[in-house]
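Those protein sequence lines, which keep their order, are chains A and B.
Residues 1 to 505 in the numbering used here are what the first sequence lists, from first letter to last.
Residues 1 to 386 in the numbering used here are what the second sequence lists, from first letter to last.
Please note: incorrect hints may appear among the correct ones.
Said to hold, decoys possible - Some but not every residue of chain A turned toward chain B, in silico, with C-beta under 8 angstroms: (1) K158; (2) L169; (3) G225; (4) E236; (5) R301; (6) I423; (7) A453; (8) G456.
Derived by calculation from the structure, the hints in this document are not laboratory data.
Please read these numbers as outputs of a predicted model, since none were measured by experiment.
Every residue, glycine too, gets a C-beta built ideally from N, C-alpha and C.
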Amino acid sequence: MKDFDAIVIGAGNGGLSAAVALQRGGMQTLLLERHNIPGGCATSFVRGDYEFEVALHQLSGLGTEKQPAVLRHVFDSLGVTDKVTFIEEHHLYRYAVPGVIDITLPASVSGIVQTLSTEFPEEADAIQKFMDLCEVITLETYMALPNARRSGDPDVLKRNCRNFVKYGLKSTQDVMDEFFISPVLKAVLGGYWGYAGQPLDRLPFSDLGVMLYAYAAMKPWHIEGGSQALSNALLESFLEAGGDVRFNCGAEKILTEGGGVSAVRTEHGDVFTCNQVVSNASSVLTYNQLLDRPELAKNAREDFKSRRMGVSGFVLYMGLDCTPEDLGLEAATNFIATTIDDKQQYARSKGFEDPLGCLFTCYTVGDKTMAPQGKSVAALMCLQYGEPWDSIAPEEYAATKFAYAEKLIALAENVIPNFRQHIEEIEIGTPVTMMRYLNTPGGAIYGFDQTIAEHGAVRDRVRPVDGLHLAGSWTGMGGFQPTYQAGAAVAASILRKQNTKGNAA
Amino acid sequence: MTGMDIRSVIDGFDAARSRIEDMVQDGQDFADVPAKVAGRINALHPKRLNLVVSDVIVETATTRTLRLTSPDGGLPPFLAGQYVNLFVTVDGVNTSRPYAISSAPQDRGHYDLTVRKIGQGFVSPYLVDQIQPGAHLTSTGPMGSFYVNPIHHGRDLVFLAGGSGVAPAISMIRDIAARQLPVRFHLIYGSRRSDDVIFDAALRDLEDQHDFLTVTRVMSEPEAGYKDRTGFIDAALISDLCTPLDRKTVYLCGPPAMNTFCGAELRKTGMPDKRVHIEANGPPVAPQLREGWPDTTSVDQSVTVTVSGRGSFQTTAGEPLLNALERNGYEAENACRSGECSLCRVKVLSGEVFSPSEAKLRQSDRRFGWVHSCVAYPLSDIEILL
Chain A
1 MKDFDAIVIG AGNGGLSAAV ALQRGGMQTL LLERHNIPGG CATSFVRGDY
51 EFEVALHQLS GLGTEKQPAV LRHVFDSLGV TDKVTFIEEH HLYRYAVPGV
101 IDITLPASVS GIVQTLSTEF PEEADAIQKF MDLCEVITLE TYMALPNARR
151 SGDPDVLKRN CRNFVKYGLK STQDVMDEFF ISPVLKAVLG GYWGYAGQPL
201 DRLPFSDLGV MLYAYAAMKP WHIEGGSQAL SNALLESFLE AGGDVRFNCG
251 AEKILTEGGG VSAVRTEHGD VFTCNQVVSN ASSVLTYNQL LDRPELAKNA
301 REDFKSRRMG VSGFVLYMGL DCTPEDLGLE AATNFIATTI DDKQQYARSK
351 GFEDPLGCLF TCYTVGDKTM APQGKSVAAL MCLQYGEPWD SIAPEEYAAT
401 KFAYAEKLIA LAENVIPNFR QHIEEIEIGT PVTMMRYLNT PGGAIYGFDQ
451 TIAEHGAVRD RVRPVDGLHL AGSWTGMGGF QPTYQAGAAV AASILRKQNT
501 KGNAA
Chain B
1 MTGMDIRSVI DGFDAARSRI EDMVQDGQDF ADVPAKVAGR INALHPKRLN
51 LVVSDVIVET ATTRTLRLTS PDGGLPPFLA GQYVNLFVTV DGVNTSRPYA
101 ISSAPQDRGH YDLTVRKIGQ GFVSPYLVDQ IQPGAHLTST GPMGSFYVNP
151 IHHGRDLVFL AGGSGVAPAI SMIRDIAARQ LPVRFHLIYG SRRSDDVIFD
201 AALRDLEDQH DFLTVTRVMS EPEAGYKDRT GFIDAALISD LCTPLDRKTV
251 YLCGPPAMNT FCGAELRKTG MPDKRVHIEA NGPPVAPQLR EGWPDTTSVD
301 QSVTVTVSGR GSFQTTAGEP LLNALERNGY EAENACRSGE CSLCRVKVLS
351 GEVFSPSEAK LRQSDRRFGW VHSCVAYPLS DIEILL
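Isolated chain A (complex conformation) (with noise of 0.2 angstroms):
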């Protein structure tokens, strides 16, 4: 007898929603958390009379209420739908390019067709096209292209995924310029790429088109209390369904036995054994230090060596003494840079230099929970690597953070002039501070680059122990919606496994 059916390790996204899924199937599971609350990114603290999220920018994947979408429905299997309440983002986005553009999309698949067709009236009907291209490589992607994948035939996947099959694996550079002639308006329509940390020439097609359309057709949403009320709700389920959690307690070691998981231990030395673990810990963590064997994982750190270390952050979160119209702000979510030039914007992403691109999330727009009345709370943020941080001083760190925070300022009052007058709190956020909060080399926060190489129909799964599972951003896209599906998949696959055993027994 085990002292649970399965443990699972972090409670971030992947996590929480793995546990939930595996105790209300049936499984007495432990969650471990090193940290002192429920969320890994997805979480928000408070300064003053402000509380900051910390990393959710724009909910995708949810579907309105008529018309639920598939994170809509992964929620009400986990019980948290009715325990949070969603906000609607009725802009995508804006994307600001002084001198060159200034324009906002909003959050319809028609809005944003009838919005570019104005501005590029010549390009009015391979806009169309385009956006019809993202539906249905959507489409595909989720729903045709798994089931040819099982059918094992080729022509299958070609008859049915014809749209993956010609563009799903190209790069979002290559689709865009098969479309369009202006630059501005692919960089417009590219403007999400930042959500992927590749630019445009790297990322796979269906990633970005994807993107694209779920927050156009589904709508982007903000959670009331940032995501650390759906983290919150997502352990209530857990709880509610007779979970244990123990917060504060890091695990330290994976036990095995045989080749297959046994145990886990604690960092407080506590054993518990089990037969299923799910890792919400990096893969690189959970072969290279939690793993008691490490030899196990031979053949998946053979297969790091294919990956690059993913992109971090640098973000300032602020509460401003003002509203959002002050500062002219209609839509939450405001690309700002001095270029159009995403490969540009994202070499900068390598270094200290002056960024040339960034996102300003003012989450008042849509949220007016998190400050108080006539004030605001926006994160500016630009992608930046872990890397540079390695060459600073501890003793340089601090100066270091406050001189890139002014580079960064500078940048977003080039279309928000003097909002750092309105500074009432602030903090910063380095990859640094990425890596603290989420464990992860360089901070990362998506995963590995998500490049076409990544791509999860280019990629094999590699699964080295039984009863091993990771969940989370380091074995699929990173995001929120894609590590709460990620979370919920893997319970499945482990309750499916576990009934067929039970009903062979």
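The hints should help you fit chain B onto chain A, whose structure is shown.
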């Protein structure tokens, strides 16, 4: 199935697979990465520091500076104004208290913690009267957001200090001096009598050496014949010394009563809250006087706290939950003990708990019954998840 992978029909699949082969050639297995991550975080934000008291400096009759060094090598850097939470065992109770670091961030070999003995205190008498050089102590790493923030604090800084609240101020002054920052710094320091003034000589030296610094001492219970400023640090005094206030940033750190009083006086001067930074300083002295405390409950009312699956004990409504837990042998992670850092977060499974305004709770924590135990008061029998 053998032979061709059906995915080869996807344009770009074969190219991506051969790209993977190429990447393996100059890739790495990240075997050394977990240790690197741990080392990096530990250098900046260690969870615990092992410390040795290298010296105990007598500051006043009631105040000592504990000079702490690390037997493990260097100490992590900190921002002037930040604190560490010091873990101690007093009368068999494992507890802790946060203390601001009074030494300069540039002095990397030690942290100075300046502790003033409070009459009815539980920990400060132990630290002041009993700690000797050579003693071993444990603390958190440096933390807190009470520091000079170059992004938005400007260049004209005023610090209102009371008692040992001067500790973060002198660290800031030493830091500004060492870095030759282009700021002005006016310390307005309230003490009861002139022999209560901590760092008196050091402040005089600093003021002599540096033009950026002005120090004004204010005595609330001056000895006979005291000639300088007396009374409290009130609106009139602040206006008199600091006008014009509109571009200044004010830091406030003193005993809880002073923080409340001076906060209100600063408002009277028209100083916007935005430019006032008050260092949290423990739980409220009289929670029953705070908004939201029910008239029907006395602070002495006996309540039972049940720690789910572990046991239960009696305490009173007026004792912060964290203190009660510690007195009864339970440990909860914590640092600021003032409601802010949220490390002592626990879930209330049943019963009623009062959270004063010090408790900087997240909205959803409130909704799902999480409290900051350092400033949580059980109004009824409660059960908690620890």
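Consistency of the hints with the structure:
The interface hint given for K158 of chain A holds, since its Cβ lies 5 angstroms from the closest Cβ of chain B, which is under the 8 angstroms cut-off. Proximity of L169 of chain A to chain B holds as hinted, the smallest CB-CB distance being about 4 angstroms (cut-off 8 angstroms). This hint holds: G225 of chain A has a C-beta 4 angstroms from the nearest C-beta of chain B, less than the 8 angstroms allowed. Annotation: E236 of chain A was flagged as interfacial toward chain B, and the flag holds, the nearest CB pair being 5 angstroms apart, inside 8 angstroms.
With 8 angstroms as the threshold, the beta carbon of R301 of chain A comes within range of chain B, its nearest partner Cβ sitting at about 4 angstroms, so the hint holds. Hint on I423 of chain A holds. Least Cβ distance to chain B is approximately 4 angstroms, under the 8 angstroms limit. The closest approach between the C-beta of A453 of chain A and any C-beta of chain B is roughly 5 angstroms, which is under the 8 angstroms cut-off, so the hint is satisfied. Violation of the interface hint for G456 of chain A is found here, the shortest Cβ-Cβ separation to chain B being roughly 11 angstroms, above the 8 angstroms cut-off.
Hint check: a violation occurs at hint 8 only; the rest are consistent with the structure.
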